[in-house]
Amino acid sequence: MTTPTDAAGDGHPGPLRVTHVIHSLGPGGAENVLVELAAAAPAAGIQLQVVGLSPVERPVHAGSLRALGVPVVQLDLPRWDPRAVPATMAAVRTFRPHLLHTHLKHADLVGATAGALLRLPVVSTLHVVEDAPAGALARYKRTAGLVVRRRTAARTIALSARQREWYEELTGTGRGLVVLPNGVADPGVADAAERAAMRKELGAVDGRPLIVSASLMRPEKGHALLLDAVAQLPAEVRPVVALAGDGELRGALEARVDADPFLRDRVCFLGYRDDVPALLAAADLVLHTSLADALPTTLMQALAVGVPVVATRVGGIPDIIGADAGLLVATDGAEIARAVARLLHDDALRQRMGHAGRARFLASFEATGWAARLRHLYTEVLDESARSRRRR
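Residue 392 is where the sequence shown ends in the UniProt record's numbering, and the numbering goes up by one at each step.
Simulated from the structure, these hints should not be mistaken for laboratory data. Heads up, the beta-carbon is just placed ideally off N, CA and C, and yes, glycines get one too. The reader is advised that the hints may include incorrect statements.
Stated by the list, open to error - Simulated restraints on C-beta separations:
(1) A334 x R250: 19 to 27 Å
(2) A334 x L170: 26 to 34 Å
(3) F262 x A116: 23 to 31 Å
(4) A334 x G369: 33 to 41 Å
(5) F262 x L377: 44 to 52 Å
(6) G176 x P13: 23 to 31 Å
(7) P219 x A323: 40 to 48 Å
Build the full structure now, drawing on both the sequences and the hints.
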């Protein structure tokens with residue numbers, strides 16, 4: 001029977017304390033996932049601590065986590081610094097968690113080692129689908145991470161079916177591997193006044209359509225491909241293409257746009273934004289041209305606000321979009337341009353896809369359900385750990 005001290009009805013009274021270990025707390029999808037989880041966790045009976053391992057120029061998510069009442073420890077140690085394991089162990093001891101949850105390769109290695117030494121169960125989330133790295137050092141680091149995860153992680157979370165397939169091919173085993181997509185908070189559908197104000201701010205006036213893309217400007221995010229596609233739009237299609245995000249490629253992308261009058265008339269750079277759901281809600285469509293992606297938060301947010309998507313058919317993106325929330329395309333500029341033009345010319349299709357996407361979000365990606373599923377996984381791991389200890 002469910003009691004006030006066992007609100008989840010899973011035999012674990014009180015909240016589960018979980019320490020999340022991640023490489024840093026700067027801008028990024030994996031980092032944002034922790035903020036989304038922190039907001040949804042209390043209702044699921046989960047308490048978080050977050051340990052960020054490495055320094056970052058703008059630790060934007062550290063403040064967001066603290067504002068949600070999450071204790072944050074920033075170690076500010078260089079990547080692969082051997083002091084990271086004992087420092088993580090010291091941070092974990094102050095919180096006394098039931099288990100650890102690690103994110104990305106560096107944290108997988110450090111967190112899993114700390115968990116093993118502290119005799120705490122470890123869960124790891126995969127956040128990427130990547131090709132074999134070039135260079136001996138990169139291959140060594142990935143191999144080390146795989147070995148440690150395989151030996152120490154009670155569960156490895158794949159975010160999509162494609163990521164599960166990739167990881168099974170990479171490791172030769174599916175042991176301990178589960179598919180559990182992330183979720184995001186429901187921002188609701190923006191009202192007309194909010195949408196109009198944002199469109200005016202971005203210059204989408206006098207009937208000009210608005211396309212929004214939001215992601216870090218890294219090679220795998222495909223911004224060069226996005227510009228290829230915009231350059232191939234028919235001349236009469238004159239949207240405002242607003243690019244939210246920052247990163248190593250921003251300077252080169254801005255230089256390319258500045259040098260091309262056609263692109264300069266259509267593309268604007270917004271930099272880092274903390275109001276991405278409002279940006280997406282103002283758009284006529286969301287454009288996402290990644291070359292590799294696990295489960296982009298931006299696309300879940302696009303579904304949440306009822307805006308259709310044009311996205312490349314890579315990684316876990318098809319798991320988000322499904323058959324009716326947008327158009328999936330190859331990593332080809334001409335095909336992307338045709339899909340964008342098609343949606344911009346068909347108001348009824350955009351509306352149908354927006355409604356379908358909103359329904360899909362509520363069924364599969366809303367944060368409350370995600371946090372509840374995560375707690376269920378945590379309790380499975382803790383129960384298995386308890387049984388294992390009793391057998392010793």
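Status of the hints after comparison with the structure:
At about 25 Å, the beta-carbon gap between A334 and R250 stays in the expected band of 19 to 27 Å. Judged by the Cβ atoms, the range 26 to 34 Å given for A334 and L170 holds: they are separated by roughly 32 Å. Between F262 and A116 the beta carbons are some 56 Å apart, a value that contradicts the proposed interval 23 to 31 Å. Judged by the Cβ atoms, the range 33 to 41 Å given for A334 and G369 holds: they are separated by roughly 39 Å.
Evaluation of the 44 to 52 Å hint for F262 and L377 yields a pass: the beta carbon distance comes to about 49 Å. The hint said 23 to 31 Å for the Cβ distance between G176 and P13, and at roughly 26 Å that hint holds. Checked against the hint of 40 to 48 Å, the C-beta distance between P219 and A323 comes to roughly 30 Å, which is inconsistent with it.
Comparing the model with each numbered hint stated earlier shows that hints 3, 7 do not hold.
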